[in-house]
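Engineer: Dock chain B with the ligand against the given chain A, drawing on the hints supplied.
Read top to bottom, the protein sequences are chains A and B. Going left to right, the first sequence walks through residues 1 to 655 as the numbering used here numbers them. Going left to right, the second sequence walks through residues 1 to 198 as the numbering used here numbers them.
Hint data in this document are derived by calculation from the structure and do not stem from the laboratory. Glycine included, each C-beta is placed from N, C-alpha and C at the ideal position. A couple of the hints might just be wrong.
Which chain A residues stay away from chain B? Per the calculated CB distances, all over 12 Å, these [said to hold, decoys possible]:
{"no.": "1", "residue": "Thr87"}
{"no.": "2", "residue": "Asp364"}
{"no.": "3", "residue": "Tyr376"}
{"no.": "4", "residue": "Leu522"}
{"no.": "5", "residue": "Pro602"}
{"no.": "6", "residue": "Gly654"}
Pair by pair, the computed Cβ-Cβ distance ranges are [stated by the list, open to error]:
{"no.": "7", "chain 1": "B", "residue 1": "Met137", "chain 2": "A", "residue 2": "Leu648", "range": "32 to 42 Å"}
{"no.": "8", "chain 1": "B", "residue 1": "Lys157", "chain 2": "A", "residue 2": "Asp466", "range": "22 to 32 Å"}
{"no.": "9", "chain 1": "A", "residue 1": "His213", "chain 2": "B", "residue 2": "Gly113", "range": "51 to 61 Å"}
{"no.": "10", "chain 1": "B", "residue 1": "Met137", "chain 2": "A", "residue 2": "Leu652", "range": "22 to 32 Å"}
{"no.": "11", "chain 1": "B", "residue 1": "Tyr173", "chain 2": "A", "residue 2": "Leu648", "range": "49 to 59 Å"}
{"no.": "12", "chain 1": "B", "residue 1": "Asn126", "chain 2": "A", "residue 2": "Leu648", "range": "39 to 49 Å"}
{"no.": "13", "chain 1": "A", "residue 1": "Thr471", "chain 2": "B", "residue 2": "Phe154", "range": "56 to 66 Å"}
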Amino acid sequence: MKNIIKSTLLLVATSLFFIGCGNNGGKEQKKGGALENNVAEKVYVAPGEHDSHYAFISGGYSGNLTVYGLPSGRMFKEIPVFSQFPTSGYGYSEETKPMLNTSHGFIPWGDSHHPDISQTNGEIDGRFIFINENNTPRIAKIDLRTFETTEIIEVPNSAGNHSSSFVTENTEYVVAGTRFSVPVPQRDMPIKEYKGNFQGALSFISVEPEHGHMDIKFQILMPGFNYDLSHPGRGASHGWFFFSTYNTEEASTLLEVNASQNDKDFIAAVNWKKIEEYVNNGGGTMMPAEYAHNVYDEVTHTATSTMKKEVRVVNPSEVPGAVYLLPTPKSPHGCDVDPTGEYIIGNGKLSANLTVHSFTKMLDAIENKKFAGDAYGIPILNFEDVLAGSVEQPGLGPLHTEFDDKGNAYTTFFISSEVVKWKLGTWEVLDRKPTYYSVGHLTIPGGNSRKPQGKYMFAMNKITKDRYLPTGPELEHSAQLYDISGDKMELLLDFPTHGEPHYAAAMEADLIKKRSRKIYKLEENNHPYAAKSDADVKVVRKGNEVHIYMTTIRSHFSPDNIEGIKVGDKVYFHITNLEQDFDVPHGFAVIGQNTSELLIMPGQTKTSVWEPTKVGVWPFYCTDFCSALHQEMQGYIRVSPKDSPIKLSWSLDGE
Amino acid sequence: MIKHKILMIFGSLLLLLLFIFPLWNITLEAPQYPTPLGMDIYIGKFADMHPHDIKNINLMNHYVGMKYIPETIPEFKIFPPVIIVMVILGVLIGLKANYKWYLRWLVLMTLLGIAGMYDFYLWEHNYGHNLDPKAIMKFTNPDGSVMGFQPPLFGSKDILNFRAHSYPRFGAYAMFIGMFLTFIAYLVGKKNQKVNYK
Ligand SMILES: [Cu+2]
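For reference, chain A alone in the conformation it holds in the complex (with noise of 0.2 Å):
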């Protein structure tokens, strides 16, 4: 028996496949049509002008972020998150080292998912930027003043953080759901005991209103489900989160086929607010935890990293109105929400069918108890109770859905290469049109709001195949932008990627462009090390330590020469960018060194680590063309043996 069902999945499941590419055929018919229609005009930003929109495209894999301009689809920069960066130091410099502790020490790389951008009253404030690491489940925030990573919190009791990290319409949460259940606590047991006693965490994380402090407020206990996606909902259903799930047969072995036995899953709606309220209470039990909790201040330029030891966790069954369970065809992958709130989108990936669920309906549902059973004791309602429709066969494995203002929906579809439009409501399928090739997620800018801003829509794929120049078996995948002003939409641009683009945000420019910072002041500059003049120079031995506060200006450092090092010394270079004007920073790399350069921005300190491991006469020099003299900008240091009796003197201003 087991084997027939095998085998008919995988006959469906090649049949898919094969359908998929069929319509893969023939869909570049039109080529030459961009010229046309003056398609070029629409993405050509004129040198010197500005995009009108920013977007944060994440680079999965690469652990990082990447910030685009549309509709010009070019890379403006690579935000180091999860990953150690050789370009600024990220990661290397002893000042950003505890951004990347975990609870499993060092992790000096993660793969980043989901970018969303902070709220307020349902609307994009372009404050905070934050992201999820799925590997080693963390959350990190940006600060978009200065697109640096200032926060990082790891999430314990999760594994692969994949229904992250979306927020609320005031950024109340910022949630971390878990897509791999695992024993919590986590224990040495036979992982055939799967079920039943592996569970999943939905983690939500406060954010404190005004500097963006990250906080795990409390952690769900879920049953032992595959938590994939989640949406908060908004308008009407703000206070109440929703998440998408697979496996909840609770396999452990060959998911593939075994996790896809259930004609349908779940999506998880959680009752925030009502576990809030219960938690205020005194309501869950701290539970002993291990985790990292890394802050980046920005005034003494230095991250520190605290062990967290409990957090507080909830079981759903102990808050009776918290937790329901919505029937989705089959194995939803996307969760989404439209902007009024009133609809949630489960796209059940192995499903001919889209499916929609009504947020009225489901509060009627439970209003009236109409429940079909519990899963663990959470209340499972009916389908048909919940359903407010389906489109019917929109095309081959549908993904994730996003809104426009005008109350259409558009969903990519993985097989068929492909994104539709349809229309909420009727569920009629109003257009579609290839993506080059196999397109996860799409963006609209605004989008995960009350206000998405529907002028612009990209698509962004995992197959980049034919669309440039090959560079030899490894390709950058691609995204796509597409007009969705008008009733049909157009292709207008296709601009390749770094890492995998796993999802993005976007918003208008005007936001972030009009808070963006240009330099560090100085006279806000509290690095212990910091040297604010050349008054502050100096080199001092603590031991085998010896801690240089060095400055920097166009185009030279101070001290220039220094002698009394010794082999074994560990070396700290304290560098302040004594700069004040906007994008001259300086860089700094001596010979030899086992991490990387620095790149230090106008008014900062940074601290690399040299260990000297030979005695000589050893240059080192600015990393970044900063001026007519930057060939000039370098200096030696001498190093002495171990037993030299060389005292430590250093030459200031060419004394």
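Structural biologist: This is chain B with the ligand only, laid out in the frame that chain A set:
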């Protein structure tokens, strides 16, 4: 009170605006500075037009051996009391004195103004020509003499890759208006005198 007296007093009081608004401004434009660098000159200090402009002017100017713009110059100690004395004098003249004194005040003020401008020119000249002999970059004029980097006293001028602009600012305009009002006061006072004779 009579109209000309009010004009005289108001005109001399306008000089007090020099303590609030800049007198003069020098701005340097270049392609790599989309926001030009600028320095406002007040009666008692130099100030950045945008934060850190003076620091950045200094950093740039050091390539050709120019000194750093000083925190203070002796003139900043002299100008404010002179202006205060002139204001007090102006008010007293307005209150007590004959209209002929209005003109005497104006002539004195004009002479002081010319002296101030001349002094400023000397300072600028010294700042633009007294270069560090170890300067990184040395430029000569077509006639072989060492190039100076003096900004214009009034107007605009190209200096290497920069275009320098030097123009009065609101403080100076307030002073000119004040002086003009005292002149009007003189004319009105004179006219009144004639009327009274008739
Ligand atoms: Cu440099």
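Engineer: Please settle this one: A/Asp364 was flagged as non-interface, so is its CB more than 12 Å from every CB on chain B?
Structural biologist: holds, 59 Å
Engineer: Take the C-beta atom of B/Lys157 and the C-beta atom of A/Asp466, compute their distance, and say whether it sits inside 22 to 32 Å.
Structural biologist: violated, 57 Å
Engineer: Looking only at beta-carbon atoms, does the pair B/Met137, A/Leu652 fall within the given range of 22 to 32 Å?
Structural biologist: holds, 23 Å
Engineer: Is the gap between the beta carbons of A/His213 and B/Gly113 within 51 to 61 Å?
Structural biologist: The hint (51 to 61 Å, Cβ to Cβ) holds, given that A/His213 and B/Gly113 are roughly 58 Å apart.
Engineer: Just double-check A/Tyr376 for me: nearest Cβ-Cβ distance to chain B has to come out over 12 Å.
Structural biologist: holds, 60 Å
Engineer: Does the beta carbon distance between B/Asn126 and A/Leu648 stay inside 39 to 49 Å, or does it fall outside?
Structural biologist: Holds, at about 41 Å.
Engineer: Quick one: are A/Thr471 and B/Phe154 within 56 to 66 Å, going by C-beta?
Structural biologist: holds, 59 Å
Engineer: Please settle this one: A/Pro602 was flagged as non-interface, so is its CB more than 12 Å from every CB on chain B?
Structural biologist: Non-interface label on A/Pro602 violated, nearest chain B Cβ at 9 Å vs cutoff 12 Å.
Engineer: Please verify that the nearest CB of chain B lies beyond 12 Å from A/Gly654's CB.
Structural biologist: violated, 9 Å
Engineer: Please confirm whether A/Thr87 is truly not at the interface, meaning its C-beta sits more than 12 Å away from all C-beta atoms of chain B.
Structural biologist: Holds: least Cβ distance 23 Å, greater than 12 Å.
Engineer: Confirm or reject the claim that B/Met137 and A/Leu648 have a C-beta distance inside 32 to 42 Å.
Structural biologist: At roughly 35 Å between Cβ atoms, A/Leu648 and B/Met137 fall inside 32 to 42 Å, so the hint holds.
Engineer: Over 12 Å to the closest beta carbon of chain B is the bar; see if A/Leu522 clears it.
Structural biologist: For A/Leu522, whose nearest Cβ neighbour in chain B is about 9 Å away, the distance does not exceed 12 Å, so it is violated.
Checked against the numbered hints listed earlier, the structure breaks hints 4, 5, 6 and 8; every other hint is satisfied.
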